[in-house]
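K.L.:
Here are the chains, one letter per residue:
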Amino acid sequence: MIGKFFNQGALWTTTMAVLALLFVVGMLILYCFFLRFVSNSSKKKQFKLYAGWEKMVFQYLEGEKTTQEIMALVPRARYAYFQHFLKSYLLALKGDDFEKLSALVTNTDLFSCLIDQLVHGDEQVRSESAFFIGLVRARQAKEHLIRGLEDKDEGVYFNCALSLAKIGAIDTLGIILGQFRIRKKPSRDLLLSILFEFGTDACQPLLWYLKGEPDAFSISLIVDALGHYRYYPAGEEILCILDATPGYDVRINCIRAVGKIEYLGAMPSLRECMNDADWRVRSLAIWALGRIGDDSVEEELVVYLGDENWWVRYRAAEALFSLSRKGREALSVIAQHSKNKKAASVTRILLTDMKVGG
Amino acid sequence: MVNISIIGALYIYNYFALTYLLTIGTIYFVLCFVSFKTIRKYSAKVSYIDIKDLFRYGNTKAVSVIVPAYNEGNSIINSTSAFLQLEYPDFHVIVVNDGSKDDTLNNLISHFSMKRVPYGMVDSIDTMPVRGFYRSKEHPSLLVIDKENGGKADAINTGINASKDPLICVIDADSILERDCLLKVVRPFVEDENVIAVGGIVRIANGCKVEQGRVLEIAPPKKFIGKFQVVEYLRAFLFGRTGFDAVNAMLIISGAFGCFSKDAVLKVGGYRAGCIGEDMELVVRMHKILRRQNPNTRITFVPDPVCWTEAPETLKVLRSQRVRWQKGTIQSIMLHKDMFLNTDYGWVGFFAFPYFVIFEMLGPFVEFSGYIVFILSALFGIVSLPFAIMFLTVAVLYGMVLSITSVILEELSFKKYPKTSHLLHLFCAAFLENIGYRQLQTWWRFRATIEYAFGSRGWGKMEKKGVGK
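Top line first, the protein sequences correspond to chains A and B. Sequential numbering from 1 applies to the first sequence in our numbering. Sequential numbering from 1001 applies to the second sequence in our numbering.
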């Protein structure tokens, strides 16, 4: 019976399979060439359209054409191309030219098309629209962007938040942070890029949020952003958090922030942190003290050159180098004559880094 | 009596081979479907966001590009110069001269005006002794380490020890990276804190116009042996790795180009020196150790950042490469065999690892013996000759469907090969590679498995003539 299967029944099956596969192979090859054909003709069409639009946009920027005249030349079916065409100009232009080009989008039918896409498009289209709205700084789309923050798709949320930051909607910061917290995959770097997009205007509201913020993750982020902008008025609040919080993640960010801000009042707390059990706290405290310029710790820093952790040793050497001439001389002596191998090695690395500039 | 038992065995084996073929065919089909969706989604995502936007505030993670070099005197200057020109806000290039017998080190010293400096290591993975450190004021982000020969894994570990950056990117000295490669490969680390390793796509540079470590014009290789490998690489990367990545079960990041969190690599003790497939072994070990500590750990793949590499153009060198790959796969599997069907490792334990055991490690045995059994079956009259021919045709055509699909995936996403004639070349290769070339590979892998079983576990010799000027 098995023999029959292999010899008769299966022969028909395999023949059919061969024919089906031959058909599939043929169709796939045709499909691939069709794709290439479509892509090439789309490129040609795009090239032709863009060449015409380029001339038109320059006439518009020079005031020879009005927005109505331009939009009359761009049919609705070509909006996707036109959006793509404008993107590179919007990214490159600044000042009046940017404002004029942005008005071409925000004051015409193209804007309602963008809003329509943001509300009704698939997730990809929603993301792209949100991104483009931010690109043209369309403040009138704020309410739609806020609604977009609740979108289930991470990409749409991110682009809406980024666009809100671009249009300077500082009052939406709380919603952005709140939404960020309840999402599944929070990436610190992504949220930081949103906070940084707000610019220095965000510092004051961020400080206000920081005072009432219960969540450790958000505290770390806000402190990080305030440190990035070196917002001095935040120094005291950050210092209070540093002294009151046991959590390492928050403490590390506080130390980094007071170091970047160069907050003088932080020196006593930082000196205490030098004795912390966690190497990250020790190394950052030493780095911050070196940055603020506390030369009273120089002798202690020499001891830290022999610390068990490489980064603590390196930061100590770095701080000694930046604090004073005396510190630099001490480093040279240690590099050449110290019997402590760890201290000598790290000092050599630091001195070479400083000499070469790497 | 003997004849009856042989015939019975042949029947059973035929059914086994058929089941095996159907299973692998189904897996490939599913992988293909998943990759199609993933790649379309990815290419749509990257089409509208300028990647540099993500990196413009200086809150990026610094990267150490580690380049292990052994006898790379001909190409090391071009490749190092190209690595130094990569687009990324904060990175260092660490070239580790692994006791080269040619003028690799001297070329680096004279071209980049390097001087021996007093320097040291940040971390302490065990490696062969370091002879000296070299740096230059003109190229402050370049560090050259000269060490005694210890193999590729040992050289990479030395680079890791010297790195001060949170991310390390391991690159072959003869590889060519696209300029924005680091931006693309680091992006997953920015978007998801659970990502500990990212692999990029490796493509074949033979046939391309290459100057000063840059690919200027892309074209398929002139020789068929090169074209076959182009199709193979497209299949392996575009739907193999993308498919496995969709379920966080990727077991290989190519040794030619991969980016890792330095902390994660240190936690697992660095690369295993003396290992044949050190790239796969590291990734498997990372899954094994780090996924237990954090089940959300991700090892992922990005189909976009391209690393170009030179493919072997003679059968002898190709054989040596494939034998090494097969032995590396077996070694990595055997070292971590306790992961087989172990649900503690999620999809890695009950899908990726068994897949590698059954279809990659044992695959050549099944395929090779399949050919023999099929011939015997025809001789004993178990299968008729027309059926045998038709069956083999099905297998070949199915292979073609997969190869062509990978070319279509490429066409739908990245369109690296610009001319329509290039597509024709790739389709010809997709057709022909299933007749002869694939069987040759099976034979090499079969022999490699036998050699491994009998204790031959060396790296073999890999000659490269270098691409471009």
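To be clear, the hints were calculated from the coordinates, so they are not data collected in a lab. Please note that a few of the clues may not be correct.
As the list claims (entries may be wrong) - Sample of chain B residues at the chain A side, in silico, Cβ under 8 Å:
| id | residue |
| --- | --- |
| 1 | 1117 |
| 2 | 1126 |
| 3 | 1192 |
| 4 | 1193 |
| 5 | 1341 |
| 6 | 1402 |
Glycine residues also receive a C-beta, built at the ideal position from the N, C-alpha and C atoms.
K.L.:
Could you run down the list of hints and mark each one as holding or not?
P.N.:
To see whether the hints hold, each was checked on the structure:
no.	hint	in the structure
1	1117	holds (5 Å)
2	1126	violated (16 Å)
3	1192	holds (6 Å)
4	1193	holds (6 Å)
5	1341	violated (29 Å)
6	1402	violated (10 Å)
In terms of the numbered hints stated before, the structure departs from hints 2, 5, 6, listed from lowest to highest.
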